[in-house]
Each structure stands twice: as structure tokens, then as C-alpha cells.
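Student: Chains U and Y are the protein sequences, given in the same order.
Our numbering numbers the first residue of the first sequence as 1 and each following residue consecutively.
Our numbering numbers the first residue of the second sequence as 1 and each following residue consecutively.
Be aware that a few hints might be false.
What the simulated footprint calls covered on chain U by chain Y, stretch by stretch (three residues with Cβ under 8 Å from a Cβ of chain Y suffice, anywhere in the stretch; the number is not a length) [what the hints assert, rightly or not]: (1) 86-98; (2) 129-139; (3) 174-183.
Quick caveat, the hints were computed from the structure, so don't treat them as lab data.
Note that beta-carbon positions come from the ideal geometry of N, C-alpha and C, so glycine has one too.
There are 2 protein chains.
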Amino acid sequence: MLAENDLQLAKSSYTFWEKLSPEQQAYLAENLYAISYKKGDIIHNGEYSCIGVVLIKTGGLRVFMLSSEGKEITLYRLGPQEFCVLSASCILDNITFDVCVEAEEDTEALLIPSAQYHHLLQQNIYAENFTYALVIDRFSNVMWAMEQLLFMRFDKRLAIFLLDEFSKTGNPRISLTHEHIAKYMGSAREVVSRMLKYFAGEGMIEMSRGGITIIDKDKLRELTI
Amino acid sequence: MLAENDLQLAKSSYTFWEKLSPEQQAYLAENLYAISYKKGDIIHNGEYSCIGVVLIKTGGLRVFMLSSEGKEITLYRLGPQEFCVLSASCILDNITFDVCVEAEEDTEALLIPSAQYHHLLQQNIYAENFTYALVIDRFSNVMWAMEQLLFMRFDKRLAIFLLDEFSKTGNPRISLTHEHIAKYMGSAREVVSRMLKYFAGEGMIEMSRGGITIIDKDKLRELTI
Chain U
1 MLAENDLQLA
11 KSSYTFWEKL
21 SPEQQAYLAE
31 NLYAISYKKG
41 DIIHNGEYSC
51 IGVVLIKTGG
61 LRVFMLSSEG
71 KEITLYRLGP
81 QEFCVLSASC
91 ILDNITFDVC
101 VEAEEDTEAL
111 LIPSAQYHHL
121 LQQNIYAENF
131 TYALVIDRFS
141 NVMWAMEQLL
151 FMRFDKRLAI
161 FLLDEFSKTG
171 NPRISLTHEH
181 IAKYMGSARE
191 VVSRMLKYFA
201 GEGMIEMSRG
211 GITIIDKDKL
221 RELTI
Chain Y
1 MLAENDLQLA
11 KSSYTFWEKL
21 SPEQQAYLAE
31 NLYAISYKKG
41 DIIHNGEYSC
51 IGVVLIKTGG
61 LRVFMLSSEG
71 KEITLYRLGP
81 QEFCVLSASC
91 ILDNITFDVC
101 VEAEEDTEAL
111 LIPSAQYHHL
121 LQQNIYAENF
131 TYALVIDRFS
141 NVMWAMEQLL
151 FMRFDKRLAI
161 FLLDEFSKTG
171 NPRISLTHEH
181 IAKYMGSARE
191 VVSRMLKYFA
201 GEGMIEMSRG
211 GITIIDKDKL
221 RELTI
């Protein structure tokens with residue numbers, strides 16, 4: 001049985017709620033499931049799964065592309081109150097690509113499975129419209145990531161990445177290996193290591209086993225301008 | 001005054017036509033303009049223009065990203081009967097990026113200007129839905145381009161394959177169907193066809209019945225590096 005506050009969250013987040021008929025509202029409520037993921041869980045993996053639309057309560061998801069050689073490119077991250085819609089890409093005819101989604105932290109969420117969500121979309125154009133708008137938000141995210149990747153100097157990208165991590169946790173200590181950072185940034189470990197060494201040389205960061213500490217935030221920030 | 005066949009084309013292409021009220025249909029028809037572009041014309045340039053939704057009659061458009069340093073990345077191409085919707089990105093709240101659009105050939109098209117198109121979107125959810133679906137089609141195009149750019153796998157393999165065939169026979173004409181090439185490369189026909197179409201768009205090859213002709217060997221070779 002779904003908790004009352006979960007239903008309230010769904011009602012306020014699925015803004016087409018008021019446009020649903022009473023039957024459709026009941027259908028949505030019946031097909032809403034509370035789910036949990038452990039940090040590192042793969043939620044969606046290309047075409048081999050299509051669980052449905054995920055509304056994040058706590059935690060966070062990372063959406064990325066995976067090449068046949070295992071190279072990863074992070075497209076965007078999603079946090080509380082955000083929807084993961086590409087995990088239901090199979091029900092959207094005009095999406096011909098696939099992405100992977102992993103839980104970056106322990107995550108609590110509400111799921112509407114693909115088949116049931118599809119049923120709603122077919123019955124209610126406001127639901128369809130809402131879903132399309134979500135996809136277009138993600139298109140904007142992807143275009144931003146693409147600009148970063150294709151046009152931005154790597155020092156700038158890495159500085160932005162480190163400052164983002166800092167602002168997420170409020171901790172100047174970033175407990176990620178060079179390997180991990182490279183993976184998140186769609187780069188190679190050597191490229192990351194070289195640039196971090198340069199940053200350390202400039203007195204912006206300090207490197208230690210398994211992590212990095214930001215010691216001059218302002219100087220790092222100058223790189224991002 | 002708009003030609004009758006232009007109006008017919010608009011009616012059959014804007015598939016929400018039947019969902020418009022008689023007043024909305026009249027409004028659309030009144031705000032439909034026949035326009036022409038010369039090869040090389042820039043139709044849309046980032047945030048500095050937002051002409052509206054363009055329905056191509058003849059010719060073709062190229063949509064690309066432009067870095068601050070002038071580097072271009074082709075995202076996709078559009079041909080007859082296709083819509084250019086990102087040239088109206090300013091009226092879509094959830095599009096936060098901008099692209100450039102140029103006429104790759106002399107192009108004849110039908111335009112609904114942004115302000116008038118926006119008015120329709122606000123009045124009719126089917127029009128909005130149609131437009132969102134167009135944007136999502138383009139999202140799929142962009143993801144494909146991104147995969148090619150970032151992972152550079154299949155284009156390289158296919159370029160190597162074509163150049164190998166060339167050097168085997170000394171003939172730039174390669175008399176193999178897409179099906180055959182896919183079989184030789186352990187790929188799928190659609191994947192081969194899509195990539196050959198891209199190569200043709202880039203001026204590297206020409207496609208004809210039952211074969212391919214390499215027309216720019218050097219450009220094709222660049223892909224293999």
C-alpha cells in the first residue's frame with residue numbers, strides 16, 4: 001500500500017493530475033510504486049530494460065551514454081523532485097536512442113511502470129504533453145553536455161566539475177579517484193591526472209590517496225569564466 | 001496570396017489540422033508564408049533570430065552547433081516534407097540551447113512565424129503536442145550525431161571498409177548493396193544505410209542504385225585516423 005505522502009507527491013509533481021478523469025486518477029494511483037535503489041545500481045541499460053517513469057524522492061540518478069567499448073559520457077544528473085523519463089524511452093515512438101541510468105546515491109523513488117504509463121499517455125493528451133515536455137528538458141541538458149564536451153577547454157570543464165562536487169557536498173574534500181572523474185567526464189584517466197597535477201601545481205587543489213581537496217576555490221573559479 | 005497547393009501541403013503536413021477549430025484553421029492559413037532561401041543563407045543563428053517553424057518544400061537545411069571559436073558540429077540535416085522546429089526555439093520554454101540553421105541548397109519552404117505559431121500552441125494542445133514530438137525527433141537525431149562524434153566507432157569502421165574495397169579494385173565505384181556491406185561488417189542494414197546517408201551528406205560518397213561511388217577519398221580517409 002502506497003503511503004499517503006507518496007500519493008500527494010505524485011499528485012503535485014504530475015501536473016496533469018487535474019486533467020485526468022477520476023478513473024484515470026485512480027489508475028495512476030494504483031500503478032504507482034515506491035522503489036529503492038542502492039548506490040551503484042543500474043536502473044536502465046540501453047534497450048534491455050524499460051522500467052517506466054521514475055520520480056525521485058531522495059538520492060540521485062546519473063544518465064549516461066555507453067559506447068561499445070565501455071566508454072561512458074555523463075549526459076545529466078537528476079535529483080529529488082525530478083523525473084527520469086528516458087527509463088521509459090521504449091514507449092515513446094520518436095525516441096530512437098538509448099541511454100543508461102544508474103543510482104549515484106541510495107535513492108528512493110516512485111515508479112509508474114512503462115506499460116501503465118503508456119496506457120495513460122494514450123488516453124490523455126495532457127499526460128502525453130507533460131511527458132514530451134520532460135523529454136525536451138532533457139534534450140536541453142544533453143545539448144549543454146555536448147557543448148561542454150565538444151567545445152570547452154578541458155581545464156575549464158574539470159574546474160567546473162570539481163566546483164560542482166564541492167557545492168553538492170559543501171566539503172572541499174572530493175573523494176573520487178582520477179579514474180572515477182575521468183569516467184564521469186567522458187575523458188581518459190591520464191588526461192584527468194595530468195590536469196589535476198597542473199591544478200595542484202597552481203595551488204588550487206591538493207591530491208592525496210583516493211581524493212582531491214580544493215584549497216583555492218577562487219582561483220579554480222577563475223578558470224570557469 | 002498563398003498558392004492552393006501550398007495550403008494543401010500545410011494541411012497534410014501539420015497533422016493537427018483536423019483538431020483545430022475553424023477559426024484556428026483560418027488563422028494558420030493566414031499566417032503561412034512561402035519563403036525561399038539561397039544556398040548558404042543562414043536561416044537561424046543562435047539566439048539572434050527566431051523566425052518560426054519552417055516546412056521544407058524543396059532543397060535542404062543543415063542544423064549545426066557553433067562554438068565561440070567558430071568550430072561547427074553538424075547535428076542533422078532536413079529535407080523535403082520535414083519541419084525545422086528549432087528555428088522557433090524561442091517560443092518553447094524548455095529549450096534552453098541554441099543552434100544555427102543554414103540552407104545547404106536553394107530551398108523553398110513554408111513558414112509560420114514564431115509569434116503566430118506561439119499563439120496557436122497556446123490555444124490548441126494538439127498543436128503543442130505535435131510540436132513537442134517534432135522536437136523529440138530532433139533530439140534523437142542529435143543523440144545519433146553525438147554517438148558518432150564521441151565514440152567514433154562505426155563511421156571509422158565503415159570508412160575503412162569502403163577504402164579497402166577501393167584499393168582492392170582500384171575503382172571508386174563499389175558495387176555492393178547496403179545489405180551486403182552490413183553482412184560483411186557484421187552490422188545491420190539500417191545502421192549501414194544511415195551512415196552512408198551521412199557520408200553522402202558530407203560529400204564523401206554518392207549513392208546510386210546497387211552501389212556507392214567514393215567522390216572524396218581524402219575526406220573519407222580522415223575518418224580513419
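Student: Flag every earlier hint the structure violates by its number, smallest first.
Tutor: The structure conflicts with hint 3 only, although it agrees with all the remaining ones.
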